[in-house]
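The listed protein sequences derive, respectively, from chains F and B.
For what it's worth, this note's numbering labels the leading residue of the first sequence as 1, then goes sequentially.
For what it's worth, this note's numbering labels the leading residue of the second sequence as 1001, then goes sequentially.
Read the hints as simulated data drawn from the structure, not as lab findings.
Ideal placement from N, C-alpha and C gives every residue a C-beta, glycine not left out.
Be aware that a few hints might be false.
What the hints assert, rightly or not - Non-contacting residues of chain F with respect to chain B, defined by C-beta distances greater than 12 Å in every case (computed):
#1 L8
#2 L9
#3 A15
#4 R75
Stated by the list, open to error - Chain B regions said to be covered by chain F (calculated; three or more residues, Cβ under 8 Å):
#5 1053-1059
#6 1173-1183
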Amino acid sequence: MSEPLMRLLAELPAAELEPERAERIRRSCRARLTRQAPRAWNSGITFAPLWRPLVALLGVAYLIGAIIEAVRVYRFS
Amino acid sequence: MTAVDREAELALVARLRQGDADAFDDVYSAFNTRLFTFLVRLSRRRDVAEDLLEETWLRLVKHARRLRPDTRLAPWLFTVARHLHVSFNRSRVLEDSAAVSLLAVWPFSLEQASPFEAVAAGELERRIEHALAALPSTSREVLLLVGVAGLSHSDAADVCGITPEALRQRLHRAREALANALERDAATEPPVLGGIASCPSR
């Protein structure tokens, strides 16, 4: 009896949301998604390319400074 | 759209992660009726189901950017919907007897059936709905996820937070409980079209 039972369950009618409410939910979610998008995505796009090279540049500068200092100490010792 | 193929689903997830509102529309069209049907039958109350449905979609919007690229939308959405229902039940105890009386909420679509078949099928559906509504929530949800929403055993197990093996066992018990409830119901009411057991399909 299990298989016919599952078939009967699959054939049960779907519940329909009132079209006005469905449309209201859809519009509200769309609006929220659109509002979220510029803030979240712009911040990613604007800052990600900036801070990474900056950190790399500072790291390289620090490394060069350390090497120069090491050479200077070695030469005068 | 009753099922989203995997490639299209991955593309939809990628667009959602970028905040594409048209992608949201596509997901909404694909899943809204299935989710609402699941929530109505799980909660047994239209007003509750409407609120939980709205909250499910709001959760998707809220988490859209943080979705994993390989997210599977059906399990994700049904998991959120189920969790919301569990939270709702924790905050408010539902009266079973009152809920069963609120079941006549689905329009029947029997355009091609004869008047007798239409009445019989409507009666059959009414019996199934009542039997389903009388089941414990854990049994009802697995039957709704697998039998009505059409999720695979593996996806339904993910939604319920159990192993596929535990899901199979729970589904087996739920089927038995539903069959017993239908037989009890058939024994107390005059059978239409010879009763449930002899009417496997319409």
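Going down the list of hints, with the structure as the test:
1. A Cβ of chain B approaches the Cβ of F:L8 within 12 Å, the least distance being about 6 Å, so the stated non-interface status is violated.
2. The beta carbon of F:L9 is not kept farther than 12 Å from every beta carbon of chain B, the shortest such distance being approximately 3 Å.
3. Distance check on F:A15: its Cβ comes as close as 4 Å (rounded) to a Cβ of chain B, failing to clear the 12 Å threshold; non-interface status is violated.
4. Listed as a non-interface residue, F:R75 keeps its Cβ farther than 12 Å from every Cβ of chain B; the least gap is roughly 54 Å.
5. Coverage of the segment 1053-1059 of chain B by chain F holds in this model, with 4 residues showing a Cβ closer than 8 Å to a Cβ of that chain against a need of three.
6. Counting residues of the segment 1173-1183 of chain B whose CB falls under 8 Å from any CB of chain F gives 4; the rule of at least 3 is met.
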